[in-house]
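Enquirer: One-letter residues, chain by chain:
Number of protein chains: 2
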Amino acid sequence: MTTYQAPVRDVEFLLNDVFEMERYSNIAGFGEATPDLVKAILEEGAKFCEEVIHPLNAVGDREGCVLNDGVVTTPTGFADAYRRFAEGGWPALCADPEHGGQGLPLTIGVVLSEFIAGANMAFGMYSGLSRGAYEALAKHGTPEQKATYLPRLASGEWTGTMNLTEPHCGTDLGLMRTRAEPRGDGSYAITGTKIFISAGEHDLADNIVHLVLAKIPGGPDGIKGVSLFVVPKVLVADDGSLGARNAVSCGALEEKMGIHGNSTCVMNYDGATGWLVGGEHKGMRAMFTMMNAARLGVGIQGLAQSELAYQNALAYARDRRQGRALTGAKAPDQPADPIIVHPDIRRILMNIKAFNEGARALVLWSALREDVAERSADEDDRARAEDHMGLLMPVLKGVLTDTGFANAVAAQQVFGGHGYIRESGMEQIVRDARIAMIYEGANGIQALDLVGRKLPADGGRALRAFLAEVGAFLAEAGAEEAMAGYVVPLGSAVKDLQDAVGWLMKNGTANPDEAAAGSTDFMHMFGLVALAYMWAMMARKAQARLTNGDGDRAFLEAKLATGAYFMQRLLPETKAHLARIVSGAAPVMALDADAF
Amino acid sequence: MTTYQAPVRDVEFLLNDVFEMERYSNIAGFGEATPDLVKAILEEGAKFCEEVIHPLNAVGDREGCVLNDGVVTTPTGFADAYRRFAEGGWPALCADPEHGGQGLPLTIGVVLSEFIAGANMAFGMYSGLSRGAYEALAKHGTPEQKATYLPRLASGEWTGTMNLTEPHCGTDLGLMRTRAEPRGDGSYAITGTKIFISAGEHDLADNIVHLVLAKIPGGPDGIKGVSLFVVPKVLVADDGSLGARNAVSCGALEEKMGIHGNSTCVMNYDGATGWLVGGEHKGMRAMFTMMNAARLGVGIQGLAQSELAYQNALAYARDRRQGRALTGAKAPDQPADPIIVHPDIRRILMNIKAFNEGARALVLWSALREDVAERSADEDDRARAEDHMGLLMPVLKGVLTDTGFANAVAAQQVFGGHGYIRESGMEQIVRDARIAMIYEGANGIQALDLVGRKLPADGGRALRAFLAEVGAFLAEAGAEEAMAGYVVPLGSAVKDLQDAVGWLMKNGTANPDEAAAGSTDFMHMFGLVALAYMWAMMARKAQARLTNGDGDRAFLEAKLATGAYFMQRLLPETKAHLARIVSGAAPVMALDADAF
Numbered sequence: 002m003t004t005y006q007a008p009v010r011d012v013e014f015l016l017n018d019v020f021e022m023e024r025y026s027n028i029a030g031f032g033e034a035t036p037d038l039v040k041a042i043l044e045e046g047a048k049f050c051e052e053v054i055h056p057l058n059a060v061g062d063r064e065g066c067v068l069n070d071g072v073v074t075t076p077t078g079f080a081d082a083y084r085r086f087a088e089g090g091w092p093a094l095c096a097d098p099e100h101g102g103q104g105l106p107l108t109i110g111v112v113l114s115e116f117i118a119g120a121n122m123a124f125g126m127y128s129g130l131s132r133g134a135y136e137a138l139a140k141h142g143t144p145e146q147k148a149t150y151l152p153r154l155a156s157g158e159w160t161g162t163m164n165l166t167e168p169h170c171g172t173d174l175g176l177m178r179t180r181a182e183p184r185g186d187g188s189y190a191i192t193g194t195k196i197f198i199s200a201g202e203h204d205l206a207d208n209i210v211h212l213v214l215a216k217i218p219g220g221p222d223g224i225k226g227v228s229l230f231v232v233p234k235v236l237v238a239d240d241g242s243l244g245a246r247n248a249v250s251c252g253a254l255e256e257k258m259g260i261h262g263n264s265t266c267v268m269n270y271d272g273a274t275g276w277l278v279g280g281e282h283k284g285m286r287a288m289f290t291m292m293n294a295a296r297l298g299v300g301i302q303g304l305a306q307s308e309l310a311y312q313n314a315l316a317y318a319r320d321r322r323q324g325r326a327l328t329g330a331k332a333p334d335q336p337a338d339p340i341i342v343h344p345d346i347r348r349i350l351m352n353i354k355a356f357n358e359g360a361r362a363l364v365l366w367s368a369l370r371e372d373v374a375e376r377s378a379d380e381d382d383r384a385r386a387e388d389h390m391g392l393l394m395p396v397l398k399g400v401l402t403d404t405g406f407a408n409a410v411a412a413q414q415v416f417g418g419h420g421y422i423r424e425s426g427m428e429q430i431v432r433d434a435r436i437a438m439i440y441e442g443a444n445g446i447q448a449l450d451l452v453g454r455k456l457p458a459d460g461g462r463a464l465r466a467f468l469a470e471v472g473a474f475l476a477e478a479g480a481e482e483a484m485a486g487y488v489v490p491l492g493s494a495v496k497d498l499q500d501a502v503g504w505l506m507k508n509g510t511a512n513p514d515e516a517a518a519g520s521t522d523f524m525h526m527f528g529l530v531a532l533a534y535m536w537a538m539m540a541r542k543a544q545a546r547l548t549n550g551d552g553d554r555a556f557l558e559a560k561l562a563t564g565a566y567f568m569q570r571l572l573p574e575t576k577a578h579l580a581r582i583v584s585g586a587a588p589v590m591a592l593d594a595d596a597f
Numbered sequence: 002m003t004t005y006q007a008p009v010r011d012v013e014f015l016l017n018d019v020f021e022m023e024r025y026s027n028i029a030g031f032g033e034a035t036p037d038l039v040k041a042i043l044e045e046g047a048k049f050c051e052e053v054i055h056p057l058n059a060v061g062d063r064e065g066c067v068l069n070d071g072v073v074t075t076p077t078g079f080a081d082a083y084r085r086f087a088e089g090g091w092p093a094l095c096a097d098p099e100h101g102g103q104g105l106p107l108t109i110g111v112v113l114s115e116f117i118a119g120a121n122m123a124f125g126m127y128s129g130l131s132r133g134a135y136e137a138l139a140k141h142g143t144p145e146q147k148a149t150y151l152p153r154l155a156s157g158e159w160t161g162t163m164n165l166t167e168p169h170c171g172t173d174l175g176l177m178r179t180r181a182e183p184r185g186d187g188s189y190a191i192t193g194t195k196i197f198i199s200a201g202e203h204d205l206a207d208n209i210v211h212l213v214l215a216k217i218p219g220g221p222d223g224i225k226g227v228s229l230f231v232v233p234k235v236l237v238a239d240d241g242s243l244g245a246r247n248a249v250s251c252g253a254l255e256e257k258m259g260i261h262g263n264s265t266c267v268m269n270y271d272g273a274t275g276w277l278v279g280g281e282h283k284g285m286r287a288m289f290t291m292m293n294a295a296r297l298g299v300g301i302q303g304l305a306q307s308e309l310a311y312q313n314a315l316a317y318a319r320d321r322r323q324g325r326a327l328t329g330a331k332a333p334d335q336p337a338d339p340i341i342v343h344p345d346i347r348r349i350l351m352n353i354k355a356f357n358e359g360a361r362a363l364v365l366w367s368a369l370r371e372d373v374a375e376r377s378a379d380e381d382d383r384a385r386a387e388d389h390m391g392l393l394m395p396v397l398k399g400v401l402t403d404t405g406f407a408n409a410v411a412a413q414q415v416f417g418g419h420g421y422i423r424e425s426g427m428e429q430i431v432r433d434a435r436i437a438m439i440y441e442g443a444n445g446i447q448a449l450d451l452v453g454r455k456l457p458a459d460g461g462r463a464l465r466a467f468l469a470e471v472g473a474f475l476a477e478a479g480a481e482e483a484m485a486g487y488v489v490p491l492g493s494a495v496k497d498l499q500d501a502v503g504w505l506m507k508n509g510t511a512n513p514d515e516a517a518a519g520s521t522d523f524m525h526m527f528g529l530v531a532l533a534y535m536w537a538m539m540a541r542k543a544q545a546r547l548t549n550g551d552g553d554r555a556f557l558e559a560k561l562a563t564g565a566y567f568m569q570r571l572l573p574e575t576k577a578h579l580a581r582i583v584s585g586a587a588p589v590m591a592l593d594a595d596a597f
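In the order they appear, the protein sequences are chains A and B. Heads up, the first sequence is in my numbering, so the first residue is 2 and it goes up one at a time. Heads up, the second sequence is in my numbering, so the first residue is 2 and it goes up one at a time.
Bear in mind the hints are in silico, worked out from the structure with no lab data behind them. Keep in mind that a hint or two might mislead.
Same chains, same names: a pair is fine if it fits in one copy or spans any two.
Once the Cα atoms are required to be at most 20 Å apart in a straight line, the calculated EDC-like pairs of lysine to aspartate or glutamate come out as [to be verified]:
#, residue 1, residue 2
1, K48, D18
2, K283, E158
3, K331, E256
4, K507, D271
5, K140, E424
6, K48, D593
7, K283, D240
8, K496, E145
9, K496, D70
10, K331, D595
11, K147, D222
12, K576, D500
13, K331, D593
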């Protein structure tokens, strides 16, 4: 059985020391978010995740969800835990005070979402999808829709879903067949089948707010004819009371590799009543609002499961005794040394630790930009932050989930044969983490989005801004001798990245296959550079605090050592990525489809 | 649901063209193994694997094994398929004619083991472990033991097991607690608990021949006091008939991540009667005979599951339609193109294809050396072949299972969300393939064996022989202009390997942590070089046949393209491995165990 401890201390170092959250006090919600309040919230959230949600992680995996006569029963304890979650005000944390929210920075919500996804990924998805639905309605809904749905989503009384995928269309939503017939009274009759709908039906809340993509007959072909509708499970009267069941039902639960605690539904819409959100044929724009929030959330799941895996592998490595250190017994009074003495075990632990702490920084660095993008009064600041989010979103989603999964596998390996046995809980982490590479846009799609859309957008403005920021840091920190071990590798990796960008721009324009063939390598290379920048920033702050003699010396020294490990052991991979990128499309496309 | 087609054609190219099996005709068994006979055997074996064993793969995963009152029932169809397997003479294929075997080359058995492990890994383990038991008894057993057990193992009437692991000791067998008390009549009373015993109890055969490691009281401490015993499930009378049940029983079945069709048992020995195999305290020597066979078998499982995953991902990529080719619609009459048009999908398929075909070559190249090592009349040839097997065994086990698993995950990704659903069968491949990285020595142990034992053994003789062989090839093929695309990258990778060896020798002698910290990187780097050598050999043969105008042009051209892909896209990883190796132990060991 696994244990989980929310990384509160690491978050505080990032928010207070590295990113200096107090600098954002001009943005709504930050004024109230004093370090003391944030600390109290994080500690309370950590306690809830560790003591209430995490013990249900194995239960959820073992029991799964059960469908009976259209009713989905979640695993033992989920409904009670969700009730406490809503009563604790957690869904309202960052919601608008106008809708009963606490209005705290989105960044604080992001931190909590890591804790929740680390403690119990399947459980966290019920509330995680509500947040996406909240955002989409808050941005694109009518005043009536906002009044009807937002307070109930913020209170957690109701939850939300996203309905995109159909059996024959996932990535290519233009192939969608679900139809929305106008009824003439402002409502639409929605008919069709959606699959892979997370939290599509369950027993946690009184109502479920489905956001559904469908085509209005007579509209444009393909993706341009897609509209978004809000379709509540239970119809809502004008006074907000619940009325009749809508004609939407769960036809089946998918049998999945993991996240068994979450209900993944086939949803049947049989002339269900829905209302247009955000204008006819403007569905994709509104859906992207949800998808962006969801993509960051999924990237965080990758990090969170990697953290859960790491903590348990570390505990096992300290506890399990096999063999002796190659340099002589470390515990001569015992029959064997703990396996953490072995360099190859330590390599695994350091790989994961260096990734997780860098990734957490990248998440929070980006979350702060999201706050700026959503809430700043300064238009230029908002535009820059939006550029950042657009560029980094595919990287956060793709890299954190690919590497998070690989880390879960590596952590399982530390357990030897015991990691393959269900009881250890490690194999569940691997099975759960696997989905994050797939949903909300498979990682290959993220890579293509990065290379094909985000890089060239606005003449490469977002990338230039990123490189300018890193360049300015390198220029400043490059003058500090103690920073050489971080600045030199980062500078070299930035050079690799620039070489890759140059190659992609030169060759990808003439033949888009040239860019697509290197897209996954580029995404991971970009991720490594971004993580290295995070580590260089963290190292600089740790050095400064050590020089000043303030702070926890052991914690800061561990940061320096872990950052140095990242630079020497993980960052060199940029060279292999570059070699693959510049080998181009020819080797990839050499065979005819029939010749495989 | 998955399908499987045994790669007969690829094997024929390797055996007949690349490795010219007819050159081995001076070795026992090869004379009979004419190309026609081999072809007939492979096709018959392929048919059995495709039509009988593979359809049981999903059944086995879903049903698993059931323990009731000490009796283990295997999944529906397993017992019948096993009966047909034994009746077909497959367990006897390479066994000694003296024991009723067909005496064919071990290489042919190795080919069949890939087919079986690709069709149904869990099923294949029942017979796979018998082969290890056969080898150990054939080499170390008394004449009476051979007469009692070998004919029944060769006929498949009985199966075998290996009993090493105990709850508190896996890698470190010196900690073993199982005891063997001499009874004075030549037999021993074996008492203890063994865990993770694959095929420890089942309903496929009349008897199970357990080979069990245990300590004879009063013997040396630690690993030097371990002896090997043969402990039959049912005692055998002098006339070969089955008598009373021995005091050995299955106490529990492990609940595992995968390979549910195989029974993984906790075995309780309660004063069970056993007989010494291979001398007191000589258990590890005898067990290594089994482990070497088993390690090759496990490496093959990695390849086999990678092949199964590849075939199904390829079929899906040709069938599933989403989006359009970036260079313009390829199927304009259809609503979308098949996803194989997308470069990132092709990258995944080519990665796996280039690995699988190279790995299959590496397996057969090594299997032929195993035949030489086991059967050649020439002592020098045997010694050279043993060097080869010793050096390559950890590489085959570690690299083929690590990369085989990664390939299964990548192939699952091709299916998008459908790959996460049980029905596709792809997630089973991932769960099944995962164990191969762990059992028969976790891959970190393989890496340590390579760097710490196999590299320095006999003054580095085995490595020198390997490098001399590759060097001779490079010198010869380097003169051929058409080979430049293969020879130049291979030469560069060999140089990286030599740099790594130099660094390890220089630094690892003074501080073994320096070698251990780079061991996994070195193992994978070695694997890449060995695979690149295989590809260069295959490309050369394909070129020669194309020049001569004989053979299947499309097949040979695909080999050249796939080999070129390997050189450009997979081989560059040696540079990143080298960078990590020469960064040494310092970053890996920088943190105290308490500072993580």
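Enquirer: Since the copies are identical, ignore which copy is meant and state whether K283 and E158 lie within 20 Å (CA to CA) inside a copy, between copies, both or neither.
Expert: Neither. Shortest intra-copy (28 Å) and inter-copy (68 Å) distances fail the 20 Å Cα cut-off.
Enquirer: Please work out whether the CA atoms of K507 and D271 approach to 20 Å or closer within one copy, between two copies, in both situations, or in neither?
Expert: neither (51 Å within a copy, 73 Å between copies)
Enquirer: When no copy is specified for K331 and D593, does a C-alpha distance of 20 Å or less occur within a copy, between copies, both, or neither?
Expert: Answer is between; shortest inter-copy Cα gap is 12 Å, intra-copy 58 Å.
Enquirer: Quick one: K48 to D18, C-alpha cut-off 20 Å, is that within a copy, between copies, both, or neither?
Expert: Answer is neither; intra-copy 23 Å and inter-copy 65 Å both fail.
Enquirer: Reference check for the pair K496 and D70, CA-CA at most 20 Å: within, between, both, or neither?
Expert: For K496 and D70, neither the intra-copy (60 Å) nor the inter-copy (66 Å) Cα distance is at most 20 Å.
Enquirer: How do K48 and D593 come out at 20 Å by Cα distance, when the copy is not named: within, between, both, or neither?
Expert: So K48 and D593 fail the 20 Å test inside a copy (56 Å) and across (28 Å) alike.
Enquirer: First find the shortest C-alpha distance between K331 and D595 inside one copy, then the shortest across copies, and answer within, between, both or neither for a cut-off of 20 Å.
Expert: Classified as between; 14 Å across copies, 58 Å inside a copy.
Enquirer: Can you tell me if K496 and E145 fall within 20 Å by alpha carbon in one copy, between copies, both or neither?
Expert: neither (52 Å within a copy, 70 Å between copies)
Enquirer: For K147 and D222, with the copy left unspecified, which applies at a CA distance of at most 20 Å: within, between, both, or neither?
Expert: neither (30 Å within a copy, 75 Å between copies)
Enquirer: Go through the copies and call it for K331 and E256: within, between, both or neither, with a Cα cutoff of 20 Å.
Expert: neither (47 Å within a copy, 34 Å between copies)
Enquirer: Are the CA atoms of K576 and D500 at most 20 Å apart within a copy, between copies, both, or neither?
Expert: both (10 Å within a copy, 17 Å between copies)
Enquirer: 20 Å Cα cut-off: does K140 pair with E424 within a copy, between copies, both or neither?
Expert: Intra 45 Å, inter 38 Å, cutoff 20 Å: neither.
Checked against the numbered hints above, the structure violates hints 1, 2, 3, 4, 5, 6, 7, 8, 9 and 11; every other hint is satisfied.
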